[in-house]
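Take a look at the letters that make up each chain.
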Amino acid sequence: MTTMIRCKLGFPSLNAPGLRSRGGALTRNIPRDRSRGALKSLLSVFVAFSLLTAPSVASDDVESQLQTALRAAVERVAPAVVQIETLGGLEHVDGKLFGTGPTTGLVVGPKGYIISSAFNFAAQPASILVRLPDGTRKPAKLVATDHARMLVLLKIDVDKPLPVGEIAPRGEMRVGQWAIAVGRTFQLDRPNMAVGILSALDRVWGKAIQTDAAVSPNNYGGPLIDIHGRVLGVLVPLSPKATGRMAGMEWYDSGIGFAIPAEDVRRALPRLINGEDLYRGLAGISLKGPNLYTGRPIIAACLPKCPATEAGLQAGDEIVEIDGRPITRAAEVNTEIGRRYAGDKVSITVLRGDQRLQREMQLAAKLEPFRHGFLGVLPMRSDARDGVAVRYVYPKSPATAAGIEAGDVLVSLDEEPIVDRIGLIEKIGSLEPGTEVRLEIRRNGALRQVKMVLAQLPIDLPSEELPVAQPPSAGLNTRSQPEAAGLQLKIPEYSNEAWAYVPEGYRPEAPCGVVVWLHAPGGFEWKDLLARWKPLCDRYNLILLAPKSADPARWTPGETEFVDRLLDQIGSTYQVDTTRIVAHGYEGGGTMAFLTAFRNRDSIRAVAAVEAVMRGRPPHNEPLHRLAVYIARAEKSRFAKPIKRSAAALKKLKFPVTLKSLGETPRYLNDQELSQLARWIDMLDRI
Amino acid sequence: MNIEHWTLDIGHSLVPTRSVGTRKVYLLILLLFSAPAAAAIVDTIDRVHPKIVKIYGAGGFSGMESYQSGILISPEGHVLTAFSYVLDTDYISVMLSDGRELDAKLLGADPRLDVAVLKIEAEGLPYFDLSKAVKLEAGARVLAFSNVFGVALGGEPVSVQKGTVAVVTQLDARRGVFETPYRGSVYALDMTTNNPGAAGGALVAFGGELAGMLGKELRNSLNNTWLNYALPIDKIRQSVEDIRSGKFVARRDPEEVKKPLRSLDPAALGIVLVPDVLERTPPYVDRVLPGSPAARAGMKPDDLIILSGDRLVQSCKALAKEMEFVDYEDPIRLTVIRGQELLEFTLRSAGESKPSKRTYP
Chain A
1 MTTMIRCKLG
11 FPSLNAPGLR
21 SRGGALTRNI
31 PRDRSRGALK
41 SLLSVFVAFS
51 LLTAPSVASD
61 DVESQLQTAL
71 RAAVERVAPA
81 VVQIETLGGL
91 EHVDGKLFGT
101 GPTTGLVVGP
111 KGYIISSAFN
121 FAAQPASILV
131 RLPDGTRKPA
141 KLVATDHARM
151 LVLLKIDVDK
161 PLPVGEIAPR
171 GEMRVGQWAI
181 AVGRTFQLDR
191 PNMAVGILSA
201 LDRVWGKAIQ
211 TDAAVSPNNY
221 GGPLIDIHGR
231 VLGVLVPLSP
241 KATGRMAGME
251 WYDSGIGFAI
261 PAEDVRRALP
271 RLINGEDLYR
281 GLAGISLKGP
291 NLYTGRPIIA
301 ACLPKCPATE
311 AGLQAGDEIV
321 EIDGRPITRA
331 AEVNTEIGRR
341 YAGDKVSITV
351 LRGDQRLQRE
361 MQLAAKLEPF
371 RHGFLGVLPM
381 RSDARDGVAV
391 RYVYPKSPAT
401 AAGIEAGDVL
411 VSLDEEPIVD
421 RIGLIEKIGS
431 LEPGTEVRLE
441 IRRNGALRQV
451 KMVLAQLPID
461 LPSEELPVAQ
471 PPSAGLNTRS
481 QPEAAGLQLK
491 IPEYSNEAWA
501 YVPEGYRPEA
511 PCGVVVWLHA
521 PGGFEWKDLL
531 ARWKPLCDRY
541 NLILLAPKSA
551 DPARWTPGET
561 EFVDRLLDQI
571 GSTYQVDTTR
581 IVAHGYEGGG
591 TMAFLTAFRN
601 RDSIRAVAAV
611 EAVMRGRPPH
621 NEPLHRLAVY
631 IARAEKSRFA
641 KPIKRSAAAL
651 KKLKFPVTLK
661 SLGETPRYLN
671 DQELSQLARW
681 IDMLDRI
Chain B
1 MNIEHWTLDI
11 GHSLVPTRSV
21 GTRKVYLLIL
31 LLFSAPAAAA
41 IVDTIDRVHP
51 KIVKIYGAGG
61 FSGMESYQSG
71 ILISPEGHVL
81 TAFSYVLDTD
91 YISVMLSDGR
101 ELDAKLLGAD
111 PRLDVAVLKI
121 EAEGLPYFDL
131 SKAVKLEAGA
141 RVLAFSNVFG
151 VALGGEPVSV
161 QKGTVAVVTQ
171 LDARRGVFET
181 PYRGSVYALD
191 MTTNNPGAAG
201 GALVAFGGEL
211 AGMLGKELRN
221 SLNNTWLNYA
231 LPIDKIRQSV
241 EDIRSGKFVA
251 RRDPEEVKKP
261 LRSLDPAALG
271 IVLVPDVLER
281 TPPYVDRVLP
291 GSPAARAGMK
301 PDDLIILSGD
311 RLVQSCKALA
321 KEMEFVDYED
331 PIRLTVIRGQ
341 ELLEFTLRSA
351 GESKPSKRTY
361 P
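Residue numbers (our numbering), protein chains in the order written: chain A, 1 to 687; chain B, 1 to 361.
Do not take every clue at face value.
The calculated DSS-like cross-link candidates involving lysine-lysine, where the alpha carbons are at most 25 Å apart (straight line), are [to be verified]:
no., chain 1, residue 1, chain 2, residue 2
1, B, K300, A, K141
2, B, K300, A, K96
3, B, K317, A, K96
For the record, the hints were derived by calculation from the structure and aren't laboratory data.
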């Protein structure tokens, strides 16, 4: 029988004196005697139990055996667990005070390669030192970063090979088995340990394993080991919902801790050792449907320049297999793609009609930001299904150049019939500026072909009053306005109040746009708000929706869900024009408007923020989900700089950003500016 | 059996691997005994619970809870607890595990250790004999008893948590890291024990032996996390015995390391650091004045100072702070990174500085 606990030190072929060399690898067992003793007593416990000795005595022995086993496991990996110190660097990261304390790393290569958590370097230190368990300090170089799994690889110069932790094979991992989180932050001479179990496998889009052991900055970068001292994974903070080096830190010591499986780390090592930074692999696909977990994985759109398009995938394809794994739900696509790196090749099988196609694609680190194409017309909002009538032609647009006039009807695009306004917006929207299209138009009964090259969506504010978008009503269906003073809305689970105003003369066949007003700190008086908006709502066929934050002084990010629910309620009661749903806010309400729009990309088509800073990372611009941005700011605003940065960031992502100056002093919009904003909203269904 | 390696440069291993059979036996044993182990903990808890008390005193406003926990340490009603604002009142009461609530007197406290001893009038109480307390090491499986968050009302027994000693560590590792006068070793724990109301609670081994007293809430400023810890009984026993026997003489607050009248500064050594423009500007040497102690010792521009003595200096500010504690006349040992090398210099402003003595590989 061999020893229970052993420590393997793997070395490259070096003829170090005093060590046995066999076939290029040197190995040595460390705590042999101790472990033998442990095994012997374990067996004696077993005997004691079978003789039915008093359970408390027997179990005390088992507890002390367990204690011995846990300690031996830690001792076994300890030589490979190092302390990391940093010098210089930022004091705050993502608005949080960042500690200067020592952190942990795990030796993964005897020549001085050490893996650690990217969190430990979030402050971007000027210099990194590694302290080996014997107290030696070594300057370390940061070789590469794995941005997908939030790991970094360090390298130190060594004069003798370092001991390396042994890997626990993925196939042997079982939820419920012992898991010990090991760090070296409190003491240099002793690792700190936290005991728990393996809580889950395949977490955070297939990237992590989970433990209930206490995981925190005290052990981020250290190993999660099994009862034999083998490395299950490398401890990192992670969040299924957010990315970034600090994401997941809020769960420290909570019983939800993550580690990157050791096998995955090993697979990434050769690339990291070569100095290659690794990124999450992106395909550039949008999937259909609002629900990832129930929806079938049908491609709704592919970006014009992306791995999926280059591989020949197209909208309508249903994904059935990725690298030989069958796929049935949209979420599985995210997991399968999410665990791969940029540069990885993926074999993807799709159904197109009754064809089964297999394609290879190479995932990308970055996708070219998408910009929506533009014909230069405003459509009439009729429910005709035989084309789209032109309400207005933008001056200096491709449509003007092609001779299109108000009143023309657009009948077909690239030989395909145009059914309605929303269909045409989607089709033109998934083409980029510069694309040539062929349009067929009908004027006074005569058909005509024109060619044009798409432009970019306009960012100017409309100076003139535009022709009315709705054909005049027959007058029969007009419902008198029963709630001229507005309605009060309530969502059962929320304490928030909300008000709404539905325009006079509302009729279901003329869907309304929706303006969600997100108030500044201090709330609002509904009467005053309604007085300003009522004429605009009536004129431009807009529903005004005004929720109140639960705490009048501030919005909390979670309240975007309340807004979402309100929109659902409005949408189920009234016919809503999905091309004109706007989140509008002032100061903190404007910040909330950005957040609401970013979290409800499916429904909200524009943000109008006055004197407000954008928070968080804006999403990608997507073909199917247009988002227009209106930013009003004063020159002498306290927030002038961050507002400028917000606008620049959105422009970089190729969102159409309209800027409005309020003069010097910060304030809300005056009547004239508010009318102009309403006209801007009225033009959101531009094509 | 196939051994898994991190990198190819490890080569193939020739370690004799344990047989699968052994592992199976081992797992079998653990499984067989998991239930009786729980039974043992149940016995331990039954024995410990009567020795833990709830303490009520001052507080009860703006997030300051008016309760904490305590440990009976004599049959005649001596209670060991944490020295805190809760005891800052003439009306302290102690509730025993049987629900009796008794007035308590503060016998004394040692502010150096943050411990206090209370006395209630009672007899024949179950108690922990401090002389029989045990010392623990990292990996010890432990139970924590306390009225954390005050969830145990009236005569209800206090809450029990199970965990492991993460490591035995020193609180005095660096200046200003922990806001507590205590500077000795503590048991860092891997469970969330140190929340409001827990201070004064007991840390016991699975066999029921007392090992430590849960401390007050403490934040680790090195990484902005809350520390979960207990004070080892062997570190506080002498003070507690002295308070009990009336021999305790309040020692002075922990002696602050005194700053010298005239401190050393980089300029006195001929070192000009890069402009300190950031919160944590790394202490790079910008210039070395010709003929200065630093120049004679061989220090060069772009050297990054990392250690003053044995203390890590992570910024220009930290270096300045460290040097405040060095007398102008005394030598100072500075370690720098130059390229990939660590070099150590012993510098003296008044006398002759020594050139680099020891170099790290």
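- Task: Starting from the hint list further up, note which numbers the structure goes against and sort them upward.
- Result: 2
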